[in-house]
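Asker: Chain order of the listed sequences is A and B. The first sequence runs 728 to 989 under my numbering. The second sequence runs 728 to 989 under my numbering.
These are computed hints drawn from the structure, not numbers from a lab. Possibly wrong hints are sitting among the right ones.
Looking from chain B toward chain A, a few residues come up when the C-beta cut is under 7 Å (computed) [as the list claims (entries may be wrong)]:
#1 Thr-771
#2 Glu-775
#3 Ser-776
#4 Leu-777
#5 Thr-781
#6 Gln-782
#7 Val-784
#8 Met-794
#9 Gly-803
#10 Gly-804
#11 Leu-805
#12 Ala-812
#13 Ser-816
#14 Ile-822
#15 Ala-827
#16 Gly-880
Ideal Cβ placement from N, Cα and C applies to all residues, glycine included.
Protein chains: 2
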Amino acid sequence: MDVCVIKIGGNIIDDTQKLDAFLRDLLVLNAPFILIHGGGKIATKTAESLGIPTQMVEGRRITTEPMRDLVTMVYGGLVNKTIVAKLQSIGINAIGLSGADAKVVQAVKRPVKDIDYGFVGDVTSVNSVFLQLLLSQGLCPVLAPLSFDVQYGILNTNADTIAAETAKALSKLANVKLVYCFEKKGVLLDVNNEDSVLPFIDKLKYAELKAANLVFEGMIPKIDNAFAAIDAGVKEVIICQAEEIKNALLHNSSGTKIIPHV
Amino acid sequence: MDVCVIKIGGNIIDDTQKLDAFLRDLLVLNAPFILIHGGGKIATKTAESLGIPTQMVEGRRITTEPMRDLVTMVYGGLVNKTIVAKLQSIGINAIGLSGADAKVVQAVKRPVKDIDYGFVGDVTSVNSVFLQLLLSQGLCPVLAPLSFDVQYGILNTNADTIAAETAKALSKLANVKLVYCFEKKGVLLDVNNEDSVLPFIDKLKYAELKAANLVFEGMIPKIDNAFAAIDAGVKEVIICQAEEIKNALLHNSSGTKIIPHV
């Protein structure tokens with residue numbers, strides 16, 4: 728079985744027209760898929776309206792208990808169910824899940840070292856067997872960025888990480904493509920030039936680029952994570968602009984493909 | 728297969744200690760179950776904090792678009808996922824669903840006659856085949872009071888109705904008991920006397936009680952709906968206090984059983 732694991736972020740979630748267009752683009756994919764969504768600005772806006780303070784420690788956002796309740800509401804409720812309802816309305820049989828549902832994404836609360844991040848989860852396992860059962864029934868799982876810890880309950884969790892761990896776990900059962908949709912058209916050689924997209928990167932190319940200081944710093948963790956996913960069995964990682972997903976997946980004419988070697 | 732369809736309301740959902748005790752009581756049931764939850768005061772409180780006005784027409788609450796978003800957040804996110812996480816933490820493999828997820832509860836937006844109720848759903852079908860698949864996997868579905876209409880999306884829907892329609896649909900595939908947990912100990916002959924619980928009502932008894940004006944008016948729709956469920960194939964409807972669910976289900980020593988005939 729071929730499966731796409733697709734991650735979308737706030738830039739798409741916050742824009743109804745872009746989101747609608749993106750979801751319609753998914754109709755033409757030739758493989759079953761799992762969608763992982765991030766949060767978007769609606770969480771920050773709702774927190775402000777509810778008077779829940781954003782607590783920062785050394786520049787990092789902390790998930791206090793009221794903030795955990797908030798992200799459970801906004802990510803697990805509003806954002807997740809809105810996407811599910813939109814997919815259903817165009818004929819894609821979606822099912823929205825948090826990490827607690829069928830223990831799809833289990834985690835441990837991040838241990839306190841220098842910083843106490845609060846109710847934040849580090850993923851320990853993904854229930855790929857259950858996800859595969861859903862896929863085999865023609866369902867499209869939609870995962871919120873929330874994991875589950877048996878002791879602490881729902882935990883706020885990075886959507887990129889959930890996407891990577893889901894792709895890795897599923898790669899034991901299927902041929903998995905992991906797709907990160909973001910603002911840029913792909914991995915750029917020049918961060919200010921959208922036409923400088925690298926169409927593919929393998930390990931050799933990546934080593935050359937890093938040695939020549941040609942990789943934009945913000946991209947390094949994303950590419951490192953992509954190779955980690957490939958080392959764990961994922962066939963291909965694609966980094967592309969959400970608006971270009973059809974071109975990236977069907978026509979190889981957009982985005983960057985990260986592959987073990989050419 | 729025997730299945731219990733259990734509805735809980737705000738009086739349990741709003742009280743963490745009561746909710747925890749109730750969920751632990753479910754551990755000893757001998758049958759798989761589906762839990763349907765109502766809303767609770769948290770929705771009203773959150774709406775007030777967010778400045779979403781409660782709109783009433785002729786004494787009825789209207790679901791405006793901001794209110795629909797709010798119940799999607801609170802019922803589909805916070806309440807649903809909190810219950811799922813609590814069940815998971817005591818070893819019950821729960822999965823939370825809105826009506827849109829796998830089209831579990833489909834509905835039509837209530838037609839406008841005298842009153843425009845807004846985004847409120849009248850249930851048209853329940854995906855009992857999918858619910859049975861989940862039950863067969865050892866999962867416990869937890870349904871939020873939200874249905875789905877392909878044209879209007881997520882709709883606010885009465886939890887009692889979702890419970891009844893779920894029980895009816897599943898009764899084609901399994902032996903179903905429908906359990907309504909509420910504040911009182913059961914159907915009372917005297918609404919002010921908790922010791923006046925009727926242990927059972929069949930159609931004959933109900934006709935007698937109604938003729939003699941002995942049924943408390945507020946109970947009549949509940950009992951009528953219970954008989955409608957029985958006419959549709961549900962084996963038994965139990966009305967009991969949430970705190971008494973073990974006694975009602977395992978020991979027949981609490982609550983009212985509504986059955987076709989003795």
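Asker: Against chain A, is Glu-775/B within 7 Å by beta-carbon distance?
Answerer: Because about 10 Å separates Glu-775/B from the closest Cβ in chain A, which is outside the 7 Å limit, the hint is violated.
Asker: Does the nearest C-beta of chain A fall within a distance shorter than 7 Å of the C-beta of Ser-776/B?
Answerer: holds, 5 Å
Asker: Can you verify the interface hint for Thr-781/B: is its Cβ closer than 7 Å to any Cβ in chain A?
Answerer: violated, 16 Å
Asker: Tell me if Gly-803/B is really an interface residue toward chain A, meaning its C-beta lies closer than 7 Å to one of theirs.
Answerer: Constraint on Gly-803/B satisfied, holds at 4 Å.
Asker: Restraint: Gln-782/B near chain A, CB-CB cut 7 Å. Satisfied or not?
Answerer: At about 19 Å, which exceeds the 7 Å cut-off, the nearest Cβ of chain A leaves the hint on Gln-782/B violated.
Asker: Mind checking the CB of Gly-880/B against every CB in chain A and telling me if the closest is under 7 Å?
Answerer: Result: holds, 4 Å to nearest chain A Cβ.
Asker: Can the hint on Met-794/B be confirmed by a CB-to-CB distance to chain A that is less than 7 Å?
Answerer: violated, 12 Å
Asker: Restraint: Leu-805/B near chain A, CB-CB cut 7 Å. Satisfied or not?
Answerer: Interface hint status for Leu-805/B: holds (4 Å vs cutoff 7 Å).
Asker: Per the CB criterion, is Ala-812/B less than 7 Å away from chain A?
Answerer: holds, 4 Å
Asker: Holds or violated: Leu-777/B as interface residue toward chain A, Cβ cutoff 7 Å?
Answerer: Because about 5 Å separates Leu-777/B from the closest Cβ in chain A, which is inside the 7 Å limit, the hint holds.
Asker: With chain A as the partner, please determine if Gly-804/B meets the hint condition of a C-beta pair closer than 7 Å.
Answerer: holds, 2 Å
Asker: Against chain A, run the beta carbon of Ile-822/B and see if the smallest gap drops under 7 Å.
Answerer: holds, 5 Å
In terms of the numbered hints stated before, the structure departs from hints 1, 2, 5, 6, 7, 8, listed from lowest to highest.
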